[in-house]
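**Student:** The primary structure of each chain is shown beneath.
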Amino acid sequence: MVPLKYNLRSLRARKVGSLMTVLGVGMVVWASIFAFGLSAGLDKTLEIAAHPLDVLVLRKGATSEAVSGVSDAVARDVLALPGIATDGEGQPLASRELVVFGYLPRRGQTQPVNVTVRGVEPVARQLREGMRIVAGRDFRPGLREAVVSRAMSARFQGLGLDEEFAVQEGQFRVVGLFEAGGGAVESEVWTDRNVLAQTVNRTGSMSSLQLRAASAAAQEQLVNRVKADEQIDLNAVTEAQYYADQAAQSGLLKIVGGMIAFFLTIGAMFAVANTMYGAIASRAREIGTLRALGFGRGSILMAFLLESLVLCGLGAALGCLGALALQAATGGLRTGTMNPGTFTELAFSFDFGPRVLLKGALLAMAMGLLGGLMPALRAVRMKVVDALREA
Amino acid sequence: MIKYLPLIVRNVFRNKIRSLFTGASIAVSLFLVVTLYALLTHQDELAEASKVHNRVAVMHKAGLSGQLPIGHLDRVRSMPAVQVAAPMSWFGGNYREETVQFAQFGTDPQTIFKVYEELEIPPDQLAAWQKDRTGCIVGSVIARNKGWKIGDRIPLQGNIYPVDLELTVDGIYDGPSTVDREWLLFHFDYMDQALQEMRYPTAGNAGIVMLRTTTAEQVPQVMRAIEDAFASSDAPVKSLTEKQFAQSFTEMFGNVRGFIRYTSLAVVSALLCVAANTMAMSVRERTREIALLKAIGFSKPSVLTMFLCESVLIGLVGGVVGALGGKLLFSLVDLSTVAPGLGLFYIPWGTALWGLALASLIGLLSGLVPAWRAAQISVIDGLRKVV
Amino acid sequence: MPQDDVVVELASVSKGFWRDKVEIPVLTDTTLHIPRGDFVAIMGPSGSGKSTLLNLCAGLDRPTTGRVIVNGQDLGELSEARLAKWRSENLGFIFQMYNLMPVLTAQENVELPLLLTPLSRAERRRQAETSLRIVGLSDRADHYPRQLSGGQEQRVAIARALANDPVLLLADEPTGNLDAASAQEVLDLLDGLNQQFGVTIIMVTHDPKAARRAKRLLHLEKGTFVQADIEALEAAR
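So the sequence lines, in the order shown, correspond to chains B, L and W.
At position 259 of the first sequence (counting the first as 1) the number is 256 in my numbering, and the numbers step up by one without a gap.
At position 241 of the second sequence (counting the first as 1) the number is 814 in my numbering, and the numbers step up by one without a gap.
At position 234 of the third sequence (counting the first as 1) the number is 1445 in my numbering, and the numbers step up by one without a gap.
Misleading hints may appear alongside valid ones.
Claimed, not checked - If we take Cβ atoms under 8 Å as the criterion, some of the chain W residues that face chain B in the derived model are:
id, residue
1, A1295
2, M1308
3, A1439
Keep in mind the hints are simulated off the structure, nothing from the lab.
Since the structure is predicted, the reported quantities are computational estimates derived from the model, not experimental observations.
Ideal Cβ positions, reconstructed from N, Cα and C, are used throughout, including at glycine.
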């Protein structure tokens, strides 16, 4: 085999060219990681929200809670169904919830956007894993008080601790901030259900019911019973399915992300190929000598592919480091966009986890292999006698 | 310099593969940048194009989630300088098993095509729809994508409102490329009557009222007058020009736009590295030739200029393929099947030319250092490099 | 001549080159024998013609007709891959342009062909050191080619050519790039290798002074090799 030190030192000898390629690949990987991280971050947020045993009950045909309506009377019938899990004190893990839009501007902007305001009862917290108050206190029932996710309070005017915001005609005060380990609830404002219902003239009804089934079998039964019962006449869907459907709506964003990564890779491939062509052109005689000495075509091919891979590997490392550094410097790259399923704000953070980084690295390797292949093939296909004669 | 153009051009193509790859790399990256930029400004573009129609959108002060009483419509119509007005109530229904929604508006058949005068509809189809309470008119693009023809039945399951609609296609509208041809329009009364019968609390919601003023100058006055008229009513309103209305949607996408900008920046920088590297390689190869040129009598500045021309030329060619090619691509390919709701996506001339300029700039910047070094090559050393 | 004493045999070999639809014959139905321990200089018109013999002996090129047999092996019977291996085991190359890897030290350059053998790391190193000693450059083992003079580079190249103990040494214009003094050193070396170690050498050259050092001179004339007399050649000029 062609000795590794020959390849590595050759790369070092052409410092400037190699460095430029590494930088170029690095930036491509960096940008691609962003594209992948955006997609992954969005998905993760919607994924975390779903508990495997939870069921969401909505009005028939409603695709989101905000447009759904369930009357108090029918809700009572649903709560009487068998199969609902109970907590330690025998209380059913069933939450009646009212979802309404607040219309608030982000900090630093004037144009308001829709924000999810959820009216809940105490049991609702048990249905959200890991939700806890991290600043201030929880709201008291009967008062126009609210708790807000930390992410939202940082992004929106009027949602900071002790600040006030409006929901239609009512003013609410933020008394606490919560965190819930990612998930859709991190894009929400919570308050007392009855108070909210009065504020928006929706007393006597709610948006949805969230139930925790006692088992997977019970979950299936619950869903079927709700849908089949003529008195109830509502739609039931597992929480996982509900969020999956919403995720399916963010098609455009994913397409943009994918397109970015795809074209970047192609562009970079040409860059790598260029560098390798240059390297090979200037080393024609070396290649001819190696062949004359007896090194076979295969080992020379491998050698040049290896050089190309090393360059791209370094670039990939650089790109990954860059992305992680940016994340560390900005404290997590939190941002938000419109949830296409509900037309409300969805707060999420870029996901630069190992899977995303790996994707970026693999992309770089692909660049290296594909970009270096043609030049490497050309190197071995040269006739030895011609190569030896080259200047 | 012009007389050296043949020499410059031939030098660009002397190493076909390298020039091809560099050009390709610039073309691909530029295509990406130009497309992204066009995406960012797409909505603004469309809005700018429709400015001539002097349209104003009126909605509840609390935004799209507020209820705009249909009663407001008559009052608006009676106001001075309001030429014509129509409600556009977003139905948001489910069509069969599809998860991705398309625009469905309950509106007034008598006036909607006067508000959107640039839409083209055969008069007989319009008349048929106006008489058919359960009829609908669909846009040519969505009709094509879903395979709808006149006479087809379109069932819409209620989502926001608990009422299902059974609609029949009475006509298909078309229009210029700047207009949205993916709407489904039906009679507002059809939906509203059903809601009134079941005494549904949000019946009578007009959503937004879209109106046209008689002249462009009147727009700001009309907007103010309308807001004042309803300021102390149960349902105060706010009015936006069509452009502001469009922008409020892109606003919803928030920071994602910033991300797109940063990505473009990364792409351009990566490109600079690539192109500069190529030029440097090219200069290194031609040391002897350059020394010869200087020995013959070419001055340093002319050598510098020649090389810069070369790198700019490569950038330009890449730009033509990437930017103009991209414009051509999107004028031939319709993304609406893949990304519904985007509207007809195209790359405006301004963006394409800006991309071309960017490519040339990249060519220029990447050639600076190598060209300077070429000019500095010592004749003696250069000629001595023996084979 | 007993067969196993012949290192190189060309049997009715023809070879031509195509230039713009015209075939230029280089070798026409040639027969050649080079016995073991021979030191042959080949002269003739400049261009790819002279080097053709070397390329044929190395298996880098194939004859249009006829057979090339080196050390008993008919090269035509070997595939591309086998030829590569065969080269590494049987031949040593010396080029006009030295062709050392600029990124490897002198010793590493000499070791290069040894990488193709099953020798261990220590054995390779020992063999390379021996080779360098023979050419008198042990003290330059860790230097890079750019730190050596032209003559020294060529001597390293010779050491590389010797490293795998080849049956045949092929030298293509070995003194072409050297000044008189360095050329002398290199020729002394080749001479010594041939006399003391019995290395068979085929040297292509256009330098009469170099040709003089060989045991016999062949002239490429009208597509075939003709034994020549260097003095006669010079007088004819």
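**Student:** Could you run down the list of hints and mark each one as holding or not?
**Tutor:** Consistency of the hints with the structure:
Here the hint on A1295 (chain W) is kept, as its CB sits about 4 Å from the closest CB of chain B, short of 8 Å. The interface hint given for M1308 (chain W) holds, since its Cβ lies 7 Å from the closest Cβ of chain B, which is under the 8 Å cut-off. Proximity of A1439 (chain W) to chain B is violated relative to the hint, the smallest CB-CB distance being about 26 Å (cut-off 8 Å).
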